[in-house]
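So you can see what is in the structure, the chains are spelled out below.
Protein chains: 6
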Amino acid sequence: MLLLVCLFALLFSSSSHAADFCVAKLKGAGNPAGYACRMPSKVTVDDFVFTGLGVAGNTTNIISAAVTPAFVQQFPGVNGLGLSIARLDLAPAGVIPMHTHPGASEVLFVVQGKITAGFISSLANTVYVKTLKKGDVMVFPRGLLHFQLNDGEINAVAVVSFSDPDPGLQITDFAFFANNLSSELLEKSTFLDDAQVKKLKKVLGGTG
Amino acid sequence: MLLLVCLFALLFSSSSHAADFCVAKLKGAGNPAGYACRMPSKVTVDDFVFTGLGVAGNTTNIISAAVTPAFVQQFPGVNGLGLSIARLDLAPAGVIPMHTHPGASEVLFVVQGKITAGFISSLANTVYVKTLKKGDVMVFPRGLLHFQLNDGEINAVAVVSFSDPDPGLQITDFAFFANNLSSELLEKSTFLDDAQVKKLKKVLGGTG
Amino acid sequence: MLLLVCLFALLFSSSSHAADFCVAKLKGAGNPAGYACRMPSKVTVDDFVFTGLGVAGNTTNIISAAVTPAFVQQFPGVNGLGLSIARLDLAPAGVIPMHTHPGASEVLFVVQGKITAGFISSLANTVYVKTLKKGDVMVFPRGLLHFQLNDGEINAVAVVSFSDPDPGLQITDFAFFANNLSSELLEKSTFLDDAQVKKLKKVLGGTG
Amino acid sequence: MLLLVCLFALLFSSSSHAADFCVAKLKGAGNPAGYACRMPSKVTVDDFVFTGLGVAGNTTNIISAAVTPAFVQQFPGVNGLGLSIARLDLAPAGVIPMHTHPGASEVLFVVQGKITAGFISSLANTVYVKTLKKGDVMVFPRGLLHFQLNDGEINAVAVVSFSDPDPGLQITDFAFFANNLSSELLEKSTFLDDAQVKKLKKVLGGTG
Amino acid sequence: MLLLVCLFALLFSSSSHAADFCVAKLKGAGNPAGYACRMPSKVTVDDFVFTGLGVAGNTTNIISAAVTPAFVQQFPGVNGLGLSIARLDLAPAGVIPMHTHPGASEVLFVVQGKITAGFISSLANTVYVKTLKKGDVMVFPRGLLHFQLNDGEINAVAVVSFSDPDPGLQITDFAFFANNLSSELLEKSTFLDDAQVKKLKKVLGGTG
Amino acid sequence: MLLLVCLFALLFSSSSHAADFCVAKLKGAGNPAGYACRMPSKVTVDDFVFTGLGVAGNTTNIISAAVTPAFVQQFPGVNGLGLSIARLDLAPAGVIPMHTHPGASEVLFVVQGKITAGFISSLANTVYVKTLKKGDVMVFPRGLLHFQLNDGEINAVAVVSFSDPDPGLQITDFAFFANNLSSELLEKSTFLDDAQVKKLKKVLGGTG
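Each protein sequence line maps, in turn, to chains A, B, C, D, E and F. All residue numbers for the first sequence refer to UniProt numbering, where the first residue is 1 and numbers rise by one. All residue numbers for the second sequence refer to UniProt numbering, where the first residue is 1 and numbers rise by one. All residue numbers for the third sequence refer to UniProt numbering, where the first residue is 1 and numbers rise by one. All residue numbers for the fourth sequence refer to UniProt numbering, where the first residue is 1 and numbers rise by one. All residue numbers for the fifth sequence refer to UniProt numbering, where the first residue is 1 and numbers rise by one. All residue numbers for the sixth sequence refer to UniProt numbering, where the first residue is 1 and numbers rise by one.
Bear in mind the hints are in silico, worked out from the structure with no lab data behind them. Every value quoted in this text rests on a predicted model; they were computed, and no experiment measured them. The reader is advised that the hints may include incorrect statements.
Copies of the same chain are indistinguishable here, so a pair counts whether it falls within one copy or spans any two.
SDA-like, lysine to any residue: derived pairs with alpha carbons at most 20 Å apart [as the list claims (entries may be wrong)]:
hint, residue 1, residue 2
1, K188, I154
2, K130, K188
3, K114, T59
4, K42, K201
5, K201, F191
6, K134, V55
7, K134, E184
8, K188, K202
9, K27, A91
10, K188, K198
11, K114, G54
Sequences are here, hints too, so could you generate the full structure?
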């Protein structure tokens, strides 16, 4: 039977696309399904383990918050497996500003503290807001605007998981104000006042 | 052979899920894959034809623009087929404000006039803007913020197609200002000034 | 906060598979999900714009018709985004002969003139035919035989969109008569007469 | 531990959508993903077993051939599982005429006799033909025209499997000639001669 | 503009399949894509929040472990969104025995304590084992055998997320020994000794 | 019209990702969607034909059984097409031991002899077992434990098809006993006795 085992092993081991997993070769060219697979013979258990989420992110910034992602770019073992994870740290009054993940739904689990979180549906612009305490879970459907805010008195920590190895992250403020989109086009397409636009462009490093 | 034809027809006609198509029963309960299928025997060619896009939408509103959708809710023949379509009308200075489609990519084809359109990537918040003339096409990747603006002197018309029968539409201004999301939470999660928030809530009918 | 923006940008910009988009490198090897992505830093707005559809295709041929595709091979920006587009020109009496798209559904929008279009279901071989006028839309479910015909008196123009960046196009006449499939096999598998087969092979350049 | 087992069983047994399987309720309304699931408590092993393929189909018809499908309509256990199966019987000179499966690829395995099979790509209309003997396998990519022919001297039998529970089947001859599509439209969209069209309409029961 | 907002709301609110989300009606019949959607007007924020994971599961059982799922059956808000979550509690020496999730990959995040976890590839039966400490993450590719074990001295807690709302859970021991599969068939298909089989059937409540 | 045919051919032939098919380049790096495509110009009919299944596999081994796969690694023509096939040979008393396919459902067709087959659901660990005779078909849902056994008196042969070009194969005995997973971890995670573990590790070549 030893022979048989070897035979099966042989049948499947000479190839870099496995039914089992496809650890990302990040340096090569990606494609719509993700990254190319590393040869299974080069893969070790450490490709399936990510150790960066045990430490708090640095929240000494103007949002008093930090996101530490374990997306496919940081954690190549999730390539092709349909999920990824990240850590949120929110100092008191910290906020992950209004944002979307263009390609994934999100589930948030509160590990410590309290987090007020909400999302807005496209259906009648209904708002779904809740203050979550330790152990609570909230789901944010794919592509919809949502935010997380620590209105408690201690640091809040959450684990967030996504339905894609590469969920993307589009923070509305950064999309509007942290680039060279002309103030004229931005104002016409958002109805924001010129003063407001210029003020936030200055804070976020935008030009135009 | 007639018999054979009949036999094949029989094999497949007694059932409401067809390999071929699945015209939506909009009144029943939907599910993550779309709507239940109407019985093929009840389906006629008119279920596959939509006639509402030949007429300009009414642009006498404050955005000087109109969207006429032929999504699955209006055009049940596209249910389960992975695409849908709509018509855009933009009077001079008209604008489809910054928005996303949570579940679909979009291709815009300019039928008449000139349209300045743009989208913003989540990757470094890069802006991709272009002024399109009659016959030009632009693609807006799924879930990313984008806008369309008529900065020409005549009415502009475009046909837009989507990669989903039910693409959704989340206009950022409506999501922020046209509901009961409290000004406090909104300001904290967008860094917009209180005066700006209140001004736009008033215009768009928001409360809180 | 500037720092934070930069940080986010950094996190995601060093890689050629983006959550946002994946502009095709057409020269490399494709795979079942599409083409490899170009590095985002090499991508410009022009990769998302296609300008070839503003001009009528040349209809001085025996079908008096032209198809101008903006599929992924011509329009690399749609790679991985689940849709594509094309322009149809039909001179009076012009026809896009019976054909299928092996991998996509199609929505047709009549921009000018009148088009009689139809498809045939596999379910009892039911025919769905309609004469469409300017502004009308018709959907052709994936993989089913369909045709478009200008029985009006002026040139007809349509925009067609597909549920795949690479929908394929199999025109039955070309598949039967424009290659080296032996007349014997073709006649046995279609019940067409030998004279008919030889006549159309001659017109369409087939041998065998 | 007994308790624990019961607990797990309880957690998952009160619901008709199971991660495991979803045996079709064929009488209810289908939807784009297939049919509704029967309650697992009503499911028995016989829902996963199909016994109709052991017997030769009746080939005393003008194509000297028979297809016995075990698609979801006949074999509800495959609902949602992404595959199905059928039996082909081909008497000498029997043929499964040119056809497509709009929604599935096919693999054919020759159980008995010899079968000449072929498909035509949309890419340059290339023909791929081969005479297969007992034990040979051929794959026909989704949506492409293909045929199977017994040019041997004994009955041929094949097992064909599909990449979908509901692959559909569109036989070109039936689509063209076995319905009420007007001869005029058919001739314009296929370039077939009027005599040819009328002859085959007569054989296959078509009108118009 | 108020009118416009209302118009958009109207367009999309009269239907129970939304682009945005599809909260499960658990009592109706499921289908391969999940459960039918509740009407959006009946949905509240509490449908998107799950509060059961803040409390430790009861580990006073023979595996000294507990799984508290927030799968679609317990947490209907994740229906159709491609992910779900659960809590693991492992007392010292507690174990989640060898198991698979037939339809999902898993990411485990250690909230407290130490967990030794491993999976086995089908490729040459390679073992990937690691002892994880607080904050570490490990991914278990879909369908592969894996286990989790607390070999530390304090209770261990983990949050596990899945790439499907309904991942399923097949514990090998329960599948082998906690049902009426005959000992004869089980022994022939596993090479386990009769005494071993009977011993574990007794512990786990199996018959046959 | 010849020109037109050539034009279409040209449009689509210069690229290695075709809508039609994607024959695998097995030597290059795979990715989550499968293998890169060979250039269509290098593809011949033999890429779509597999001839290895006509001959019985060698069953003179301790399981008295053989699996001859035509998965993508052996049969590159199925790459990206969503299915594959294999041949089972079972001498009298031969067995394909308890196993799963992590990424595919399976349909088994009995070509010769009798096969007792079964699978176990995760739902309450229900067993579905049946003795199949020539011509019978059984479906094994994706990811669930199943086995096949010849309890007849002649050799049994079956054709099995899968819903994926690369279904994977995890035989529980090999996963447990044919590698270097430590006996201690294995015993803790399976409740098997040390003697049983050591006995089977010896038979199957495991260490630790």
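- Give the relationship of K188 and K202 under a CA distance limit of 20 Å: within one copy only, between copies only, both, or neither. Cα proximity of K188 and K202: in one copy and across copies (19 Å, 18 Å).
- Query: Is it within, between, both or neither when you check K42 against K201 at 20 Å Cα-Cα?
  - Reply: neither (46 Å within a copy, 26 Å between copies)
- At most 20 Å between C-alpha atoms: does K114 with T59 qualify within a copy, between copies, both, or neither? within (16 Å within a copy, 27 Å between copies)
- Query: From the Cα coordinates, with 20 Å as the cut-off, is the pair K134 and E184 best called within, between, both, or neither?
  - Reply: neither (44 Å within a copy, 23 Å between copies)
- Message: My question is about K188 and K198: at a cut-off of 20 Å on alpha-carbon distance, are they close within one copy, between copies, both, or neither?
- Response: The answer is both: 14 Å in one copy and 18 Å across copies each meet 20 Å.
- Message: At most 20 Å between alpha carbons: which applies to K201 and F191, within, between, both or neither?
- Response: For K201 and F191, both the intra-copy (15 Å) and inter-copy (11 Å) Cα distances are at most 20 Å.
- Message: With identical chains, the pair K114 and G54 could be close in the same copy or across copies; at 20 Å between alpha carbons, which is it: within, between, both, or neither?
- Response: Intra 19 Å, inter 12 Å, cutoff 20 Å: intra and inter.
- Message: Checking an output row: K130 and K188, CA cutoff 20 Å. Within, between, both or neither?
- Response: Result: close only across copies, 15 Å inter versus 33 Å intra.
- Message: Please sort K188 with I154 into within, between, both or neither, judging by C-alpha distance up to 20 Å.
- Response: Close across copies (18 Å), not inside one copy (41 Å); limit 20 Å.
- Item | Homomeric proximity label, K134 with V55: Cα distance no greater than 20 Å | both (18 Å within a copy, 9 Å between copies)
- Intra/inter-copy verdict for K27 and A91 if alpha-carbon distance must be at most 20 Å: neither (35 Å within a copy, 42 Å between copies)
In summary, the structure is inconsistent with hints 4, 7 and 9 from the numbered list given earlier, while agreeing with the others.
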